[in-house]
Amino acid sequence: MPFDQGGLQDVHRAVRQRRSPAWAVAAALLAPSAVFLAAFTYWPILSATLRALTEQRFGQAPSWGLGNFTRLFADDRFATAVGNSALYALGTIGPSLLLALAFALALRESGRLNALLRTMLVMPLLIPLVAAAALFTFILLPGGGLLDWHLAKLGIGASNWLGSPDTALGAIIAITIWKNTGYYMLFFLAGLAGIPEEYHEAAKLDGAGPFTRLRRITLPLLGPTLGFVFIIALLNALTQVDHVVTMTRGGPSDSTNMILYYIYQQSEQNMDHGLAAAATVVSVAGLLALAMLALRTLERGIHYES
Amino acid sequence: MKANRAPVRLLVCAAALLWLVPFAWMAVAALRPQVAGALDAASLLPTGPFTLANFAEAWRSGRFPVWYLNTVFVCGGILAIQCVTVSLAGYAFARLRFPGSNWVFTAFLLQLLLPPVVLIVPNLEMITRLGLYDSLGGIMAPYCASAFGVFLMRQTFRSIPRDFEDAAQVDGATRLQAIRHVLLPLAAPGLAAFAIVSVTAHWNEFLWPLMVVSSPRNQVLTVGLASFTASAESGADWGLMAAGTMLVAGPLLLGFLAFQRRFVSSLVFTGLK
Amino acid sequence: MRILRAAAAALGLMAGAAIAPALAATDIDFFFPVPVQGKLANEMQALVERFNKENPDIRVTAVYTGSYDDTNVKTRAAIQAGRPPAASMQSANFVREYVITGDAMPLDDLIRKDGAAPADYMQRFWPALRVNAMEGGRVYGIPFHNSTPLLYINEAAFKEVGLDPAKPPSTWAEWVEAAKKLTRRDGTNTTRWGLMLPATYDYLGWITSGLVMSNGGAYYNEYWGGEVFYNTASTIGAVQFLDDLVHKHKVMPSGVNDANAVTNAFFSGRSAMMVLSTGSLSFVRDNMKLPYRTAFLPFNIAAAVPIGGASLIIPKGNSPERVAAAWKLINWFVSPEIAGHWSRFTGYFAPRIAASDLPEMKAFMASHPDAKVALDQLAHARSWFATYNTVAVRKALEDQVQAVLNGKIKAPEAMALAQRNADALLKPYIDQGALKLPQ
Chain A
366 MPFDQGGLQD VHRAVRQRRS PAWAVAAALL APSAVFLAAF TYWPILSATL
416 RALTEQRFGQ APSWGLGNFT RLFADDRFAT AVGNSALYAL GTIGPSLLLA
466 LAFALALRES GRLNALLRTM LVMPLLIPLV AAAALFTFIL LPGGGLLDWH
516 LAKLGIGASN WLGSPDTALG AIIAITIWKN TGYYMLFFLA GLAGIPEEYH
566 EAAKLDGAGP FTRLRRITLP LLGPTLGFVF IIALLNALTQ VDHVVTMTRG
616 GPSDSTNMIL YYIYQQSEQN MDHGLAAAAT VVSVAGLLAL AMLALRTLER
666 GIHYES
Chain B
7 MKANRAPVRL LVCAAALLWL VPFAWMAVAA LRPQVAGALD AASLLPTGPF
57 TLANFAEAWR SGRFPVWYLN TVFVCGGILA IQCVTVSLAG YAFARLRFPG
107 SNWVFTAFLL QLLLPPVVLI VPNLEMITRL GLYDSLGGIM APYCASAFGV
157 FLMRQTFRSI PRDFEDAAQV DGATRLQAIR HVLLPLAAPG LAAFAIVSVT
207 AHWNEFLWPL MVVSSPRNQV LTVGLASFTA SAESGADWGL MAAGTMLVAG
257 PLLLGFLAFQ RRFVSSLVFT GLK
Chain C
46 MRILRAAAAA LGLMAGAAIA PALAATDIDF FFPVPVQGKL ANEMQALVER
96 FNKENPDIRV TAVYTGSYDD TNVKTRAAIQ AGRPPAASMQ SANFVREYVI
146 TGDAMPLDDL IRKDGAAPAD YMQRFWPALR VNAMEGGRVY GIPFHNSTPL
196 LYINEAAFKE VGLDPAKPPS TWAEWVEAAK KLTRRDGTNT TRWGLMLPAT
246 YDYLGWITSG LVMSNGGAYY NEYWGGEVFY NTASTIGAVQ FLDDLVHKHK
296 VMPSGVNDAN AVTNAFFSGR SAMMVLSTGS LSFVRDNMKL PYRTAFLPFN
346 IAAAVPIGGA SLIIPKGNSP ERVAAAWKLI NWFVSPEIAG HWSRFTGYFA
396 PRIAASDLPE MKAFMASHPD AKVALDQLAH ARSWFATYNT VAVRKALEDQ
446 VQAVLNGKIK APEAMALAQR NADALLKPYI DQGALKLPQ
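Residue numbers (the numbering used here), protein chains in the order written: chain A, 366 to 671; chain B, 7 to 279; chain C, 46 to 484.
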């Protein structure tokens, strides 16, 4: 720039200092967001905690106590829901991330065919989960449904996918993997694109084979992306229950009951608001703890990289 | 690497075809004439005459125009309010130094880990208390502040040099004017990316609208579709169910196919940030 | 000029007269479920439109709210939010719980205002329906449509194995024997099952209670909503019977099948018999291309079946105008003509006794023997189980029966578990009722 930089900066500072103090301006700018956050994130946590600590049984006056929590932890159905959620998280996060990474690695180059294949894999992302549930209700129909009908042609007998506690959760997991893998693939594609080509070239010159390059260069540099996608997948696993609500309603025999569905059931079906609030408090605490753990591990990973 | 590319290619092609199967069935079944107790409803082969009767019946018995209008209103409304809240907050975190800014930022970020659906029970109580039960505003309210958006905007603003808005302020612009006329246009790619993520997320939201709304005239696409398909399934009317699903998924898929590149790059942009 | 002014005034008066009733029309909403298969949602909307046309001073918005369980959830949410629907169609056995929680309006006063005594009013409905409609001697739910579980049989399959379709099985022993003959296997694959029944939530509890009653049991305490009898011989026997059908006699597929899978199998000949609600009668009639027949549910000790179906309630918290409009709608729905029409359209039988005296109904019954069977079974019908926290208490049983059907647990252990879970759910009510003694 043709004029004196230092002088201009002095002017800028003077301009800034003449205005109101930073915290007042900040408060004004943050107020709109803060109002909504307070109303729909922080106050609900507080009110759920208060409600969880209020025991109100049929025909009795409300009183303070930990009764709701005792009942919650003594409830087999809650234990089942937690177990199912853990299984569901493992069953969806692992395979979808692996598949998404594999697809991203295979399809990262440009080209007509690759673009087409990428599109086909990403399409499920666009439809609502309830639409996917509707389609899969037919696909998994015992006997006459898409899967069983075609399996019959291969000589395999019909299975009641959604009707057996052994396979129902697996079916729900499969639907989620189908829905989300393409989405995660996009993030991996972006991450891969961010790795400079020179690294691969240099490694090739050093005689490194494709798998070595994958292990030593690609995966470590994908660290941040992996962490980010992991957290998104975790959140999805714990909050996407649309298919449970419309297809299995937690059954058969509670085998697809998840934490969020349990909360919905206790609140809406059993009208046990104290129990629902206690479950909400426990799941919020658990979610925060899990996420903090994931973030801490992620940060450490990034730290070692840089 | 070139030697073993073919089998990998083949595997990925097979996987992609497998991924497409539900959509393929949806299209075939929607166009297939409905035969009572159809035994070959599962066939993927488009045999026989094509008919649009299922679409006509779906349009007649569903309320797709209402659902679409409501969904557009909700997603658009949320986005409009979010643009204001996240831009202001993002600016505050990006440009202002004030005591405790890190703590406040963390408090904002916490919401990232607590999507409103986790707090569905207390949020429903709040909505009811505000008199917003069974209204579109009730669906929109919890989403008007977006921690994700604030985070994204902060990163975006940070990447823009201060010179532009400082110059504007020297010219006499207020801070708000500087944000609106100088910063936001420069941050357009970030905002656009956020817009796409936000609309996609809220378009597909189900459990929250299900609990907030009961009148048919306030239903959004997901809720309407769920009740439509439940009713079609109870009649074992798979063609009708497929047609209804296609009426919902179709526009989104078409839109995606048309604006693929921008869509993908937006999602990727937000991921990188 | 004067003519123009007069004309304008007349037009204004006419316009005002036309607008005024519309302005004065009472807007009410009506929640309804579609618990069985068939195009009932559309027909209900058509009926409501007809009501609106016949009653211009009332504008009813019919809201389809899913299954019985979903409708219950939606109605309670609306009540909690301070916006109760004017009328709601609830599963007949949910009425008791609405009374327990104080959410349903007693209808005695409305009946009296119309000039009838509540007891006489209830005489208009079949006796089996009255228990679920009343609580503490007062009327809370007006029966809208009702059903009983029916046995549907594939006549051709019967003939094929040497059975007489005109003599369907009437006892459990005959049932098992017929099912065994009808089951066809091809190696390890079963190409035709002897029997299938829906085992999803709500359906399973209903059918199981029917089997329990057939086994001499009561299933629940009809007089007080605090007790269920899961861990009793009659219930254990019924559940064991289901277990045997799947694992011992191997005539029924394992796992939980929903109504769609069951009817799919029946229509395609992959199941020779099925147990299904009479509410699906029209659906079966429309879709079953092979000759079929309906029969009573077979019994072991006593010929007894539960009623099913729905009642119309008016939730508390509605203004007098809304209540009056809702009462008009309800009585229109249960008029012999409308009740008869709905019965012929769906397969549910009209709870209104007078409906079967109408000539259209008599002609219909004469030409549709399958519907006649459903009506005849009413003679053996008893009330549907209704307790405090009905849905959760019912699920306590259903989860266990589903596990039995999947071979995870045996009947005695399952029923002990179900009883324990149910008792835990009923405890708050029991503590405020039977176990609340003077100090």
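Simulated from the structure, these hints should not be mistaken for lab results. Wrong hints could be hidden among the right ones.
Unchecked claim - Here are the simulated EDC-like pairs of lysine to aspartate or glutamate, each with C-alpha atoms no more than 16 Å apart in a straight line:
#1 C:334 <-> C:209
#2 C:225 <-> C:247
#3 C:295 <-> C:94
#4 C:373 <-> C:200
#5 C:361 <-> C:209
#6 C:417 <-> C:405
#7 C:455 <-> C:289
#8 C:455 <-> C:209
#9 C:453 <-> A:531
#10 A:518 <-> C:288
#11 C:212 <-> A:440
#12 C:226 <-> C:247
#13 C:472 <-> A:531
#14 C:84 <-> B:63
#15 C:204 <-> C:222
Identify every previously stated hint that the structure contradicts and give their numbers, smallest first.
1, 2, 3, 4, 5, 8, 10, 11, 12, 13
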